[in-house]
Amino acid sequence: MTPADRFPRRLPAGLNERLSEWMDRFELVAEVTRAEHCANFIKVGQSFVFDLRGRIVPARSSAALCLGILARLEPALLIAQDRAQSGLHPISPSFQTFDCFDTGLDHGGMGKVCVRFHLRDRASGQMVEDAAKA
Amino acid sequence: MSRPELNPRDPLADDPLADIAPQLKRALDLSDADFERMDPAVKHLLSARRRLGHSWLDDFEVVVEIVANDGCGCGVEPGQRVVFDMRHRIKPELSDAPLCMHMLAPVLAIFYMTFDRAAEGLNPLSRIWRFYDCTRTAEDNGKTKARTRVYLRTSDTHEVIDVNPMPPREVLR
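First to last, the protein sequences are chains A and B.
Heads up, the first sequence is in my numbering, so the first residue is 1 and it goes up one at a time.
Heads up, the second sequence is in my numbering, so the first residue is 1001 and it goes up one at a time.
Each hint should be verified, as a subset may be incorrect.
With a straight-line Cα cutoff of 20 Å, these simulated SDA-like cross-link-like pairs (lysine to any residue) come out [as the list claims (entries may be wrong)]:
hint, chain 1, residue 1, chain 2, residue 2
1, A, Lys43, B, Arg1089
2, A, Lys43, B, Ala1109
3, A, Lys112, B, Arg1081
4, A, Lys43, B, Pro1165
5, A, Lys112, B, Ala1041
6, A, Lys112, B, Lys1143
7, B, Lys1091, B, Arg1081
8, B, Lys1025, A, Gly104
9, B, Lys1143, A, Asp24
10, A, Lys112, B, Pro1040
11, B, Lys1025, A, Leu105
12, A, Lys133, A, Phe41
Computed list of chain A residues with no C-beta within reach of chain B, every gap over 10 Å [to be verified]:
hint, residue
13, Thr33
14, His37
15, Gln46
16, Arg53
17, Ile56
18, Leu67
19, Gly87
20, Lys112
21, Cys114
Cβ-Cβ distance ranges computed for the label pairs, FRET-style [to be verified]:
hint, chain 1, residue 1, chain 2, residue 2, range
22, A, Phe95, B, Asp1133, 35 to 41 Å
23, B, Thr1154, A, Gly45, 32 to 38 Å
24, A, Asp24, B, His1158, 49 to 55 Å
25, B, Pro1092, A, Thr97, 43 to 49 Å
26, B, His1158, A, Ser124, 47 to 53 Å
27, A, Asp99, B, Val1160, 33 to 39 Å
Simulated from the structure, these hints should not be mistaken for lab results.
Backbone N, C-alpha and C define an ideal beta-carbon position, used for all residues, glycine too.
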């Protein structure tokens, strides 16, 4: 008996019929909201840009592509994919702000970078507040 | 703020790192007070340049090479590479694989080890943890995944470096 037999896949109640369109149209932006003593010189206002499959788009990102923050964002990318698949706005209202793995100067580390996620229309560059209505 | 003495005999606790402090203060916007309250763990991290030379972070690269792409929907292909500098920043200009974070996030552990090992005078790349895979696990219990291996190379000649212990770059020439 395979795992699939024992745990039959439960399809989400409402699969997003616009998922393919969303994948092409939107991008995830993690904008730096705090940067202190960052050894990779990441600055407030810079950003990391991802597609909805979880791939970083270096040409549209302005921050140094530091794995110390990027790896920390991977759960956010999973959440965004999960929500998009279900037709929900890809940015979770519960998990929008993330920080890097460095614990900061007062906690045994060196620096600290924080980001906040939003969704953006790739063509217009405008923030999208509700993908379902866009 | 008082902190627990987790490592009270740390040999770098009272080391001012005078040989590298001026550059670090300037580069990282650290004041004297910041530097004085720095944890010995960070001093160890910074002291790697005493072992591998001041330029070690620029002298080498970590290459993540894709070795399998079964079940992957992100477009990675075996043989493609993602190149990192030793500050764990992706070098997009040297990378030819899609920069999928589900594949790359687990590789972060490598860079904790590179700093730790370099501070001990070892080759920054772990001899053990050289193979990684995507965080996505399908219903085949992980048989199909994007898989990667990592290796260390020089930044200038791209020669694979697998020596231990590790001398500074100029000694390798």
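> Okay, Pro1092(B) versus Thr97(A) on CB: inside 43 to 49 Å?
Replying inline: violated, 26 Å
>> Is the claim that Lys112(A) lies outside the interface with chain B correct, judged by CB distances over 10 Å?
In response: Consistent with the label, Lys112(A) stays out of reach of chain B, its closest Cβ about 12 Å off (over 10 Å).
> Are the Cα positions of Lys112(A) and Pro1040(B) separated by 20 Å at most?
Replying inline: holds, 18 Å
> At the C-beta level, are Asp24(A) and His1158(B) separated by a distance inside 49 to 55 Å?
Replying inline: violated, 36 Å
>> Just want to verify: His37(A) was marked as not at the interface with chain B; is every Cβ pair farther apart than 10 Å?
In response: violated, 5 Å
>> Check the hint pairing Lys43(A) with Arg1089(B) against an upper bound of 20 Å on the C-alpha distance.
In response: The given pair, whose Cα atoms are some 15 Å apart, holds under the 20 Å limit.
> Given the proposed pairing of Lys1091(B) with Arg1081(B), does the C-alpha separation stay at or below 20 Å?
Replying inline: With a Cα-Cα distance of about 10 Å, the restraint between Lys1091(B) and Arg1081(B) holds, given a limit of 20 Å.
>> Over 10 Å from every CB of chain B: does Gly87(A) meet that, or does the non-interface label fail?
In response: holds, 19 Å
> Just checking, Ile56(A) versus chain B, shortest CB gap more than 10 Å?
Replying inline: violated, 4 Å
>> Given the hinted pair Lys1025(B) and Leu105(A), is their Cα-Cα distance within 20 Å?
In response: Status holds; Cα separation ~13 Å.
> Looking at Cys114(A) again, its CB stays over 10 Å from all of chain B?
Replying inline: Its Cβ never comes within 10 Å of chain B, the nearest being 17 Å, so this holds.
> Going straight from one Cα to the other, do Lys43(A) and Pro1165(B) come out at no more than 20 Å?
Replying inline: Violated, at roughly 36 Å.
Going through the hint list in order, the structure does not satisfy hints 2, 3, 4, 6, 9, 12, 14, 16, 17, 18, 22, 24, 25 and 26.
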